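S.K.: Sequences listed follow chains W and A, in order. Per our numbering, residue 1 is the first one in the first sequence, and the count goes up by one each step. Per our numbering, residue 1001 is the first one in the second sequence, and the count goes up by one each step.
No wet-lab data here; the hints were simulated from the structure. These numbers were taken from a predicted model, which means no experiment stands behind them. Note that the Cβ used here is the ideal one computed from N, Cα and C, for glycine as well.
Some chain W residues close to chain A (C-beta under 10 Å, calculated; not the full set):
no., residue
1, 16
2, 61
3, 138
4, 153
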Amino acid sequence: MNLESLHSLLPQILLALGSTAILLGGAWVRNRRLWLIVGALVAVVAALVAAFVDPARIDILGMYSATAYARFCTVLWCLTVAATLLISCRYVDLFRFGGGEYASLMLFAAAGMSLLSSATSFVGLFLGLEVLTLALYVLIAFRQGDSRGAEAGMKYLVFGAVATAFLAFGIALIYAATGTFNLEAAAAGLQTEEGLRPLGLAGWALLLVAIGFKISLVPFHLWTPDVYQGAPAPVSGLLATAAKGAVLAAFLPLLVMTGEGVADIRNVLWLLAIATMLVGTFAALPQTNIKRMLAYSSVVHMGYLLIALIVAGDEGSRALLFYMVVYTLATFGAFGIVTTFADENGEIQEYDDLRGLATLHPRRSAMLSVFLLSLTGIPPLAGFFAKFGLFQAAFRGGYAELAVVGVIASIISVYYYLRPIIALYSPEPAVVCREVAAQSETLVLVGCAAIILFLGVYPAPLLTLVGLVIP
Amino acid sequence: MIATLMFYLLGAVALGATVMAIIQRNPVYSVIYLVKSIFSLALIFYLLGAPMIAALQIIVYAGAIMVLFLFVIMMLEVTPTNAATRTAPGWFHWGPVLLLALTLVALTLMLIGLDPVSSEGVPRWHASPRDFGYTLFKEYALAVKIISFQLSFAAVGAFHVGMTERRRARQEDAS
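Make a model of the complete structure from these sequences and hints.
M.R.: So this is what it looks like as structure tokens:
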């Protein structure tokens, strides 16, 4: 460990030290909003450092890398966490979240995500994933005296612990088969016919189970709706976007490589993608709770993203990154709107609670509609371009059947995304007026909606950026 | 030849002890079986020529972690303490324990006699405490640091989740 590698790790170090500093400061100054804003500032500074400070070296101690791709992911996760902290301003006062713990855990989760998506070895991957999930265990059960939140936290803890055991076992088997922790060398070592291949493949199978748990692929998705429903809305937003995206991002560089060993995994991924898209879609149809619906929607979207992982290559990778950004904006925004509607009695979750809200809260209702329609993929919004790019990559990559299933799933998805919108704009007006959203909430959510609208009309800037990251 | 035989014996002991640990209703019995399972794993490591890992396995797992288990079990009082179970344990309780313990003691003595580390020369993967420390704190220093951060946040999380309502109210008043 030398100065050069520390310099390359600067964003992550900033996040980790910032979270510790907030924790220490929170012991003296118990001002909730102050620490949220400090936390958001630290995350933004880390994002700026990741974006504009050239790392001294690309390889960091053989565990992490500071490639353009890893830095792009770091920026994305840091900004997501900063936005999550900003929309939590009113929420932390409502539910009396402790001083600095909330902001500090969020920043630590950001450090974990950024480590995870820049991992080049199994050790780095494992550590990053554990940093992330450890922070999430606590954040999910953060609301005191809330039995649903405690249940959600417990579920996530038990599932997460089992998934971690699978991951550790998988890594051990892959190490036994290939003799290396390096991700690329391990994938390449799998292709040699030396009798240890079955062992390595068994390791990959265990690894896929663990990853399936983390990004909730069918059939490992059962925890998703319960946890999203029970967790505080801003945390659910983070869980659905950055926490999943970071895991996917860690595996993208791995699967871009082609080879016999990876081809075997690809067949399994193919099955998982189809199962995830179909089961997620049909499970989302009967939902009447917006957080549960968004949970199933995130399952379906992970299925779409899996298509890009399978297609791989430069085109698939670019489609995946573009989709990930657009999906993050829309899902985060939808959970953000749910956050703004929270009051002392809790969050509004049932569609019946949304009924007729549009007459009283036209701006927030319009924004929620924008986010949901973008997730559906309605043309003038960014979601359309994202889906278009993804399915086009699938067709060109020779996976037409995946694209067809994806298109069918998107068409069915119109039904479950429109249901909350119909409830919002139902003719009889709501009786209860909700609280006014805080300025920071409005700012962040209007920003998300504006970016979605802008990218829907003119996606070139993001396409150029993604093109720079994956040349 | 004798080493191979011992490996399978130890493997059988480890598996048997783990199965017993799972099927026990009384958590304290489970812990005892778990200690045996971990001990036989340590002997397997020793047999493979990794005395360092064997020692760590016993110190960390059979020593520290198992004591922690017992503490938690006692603190939570999860052990059934009704009159029926308070009678002296029957032979089917201590029989398997004794059998496994005797096997392990015999195997340990045999292993000491066999001395796999020095008899076959130092194997390629043999790690002295010095090598181990060097690798851990030099090559994987970053990993150690990340884990220490993680542990401190685990403590924060445990403190937050475990905080009672009354304590929280007091803290609110103070601020």
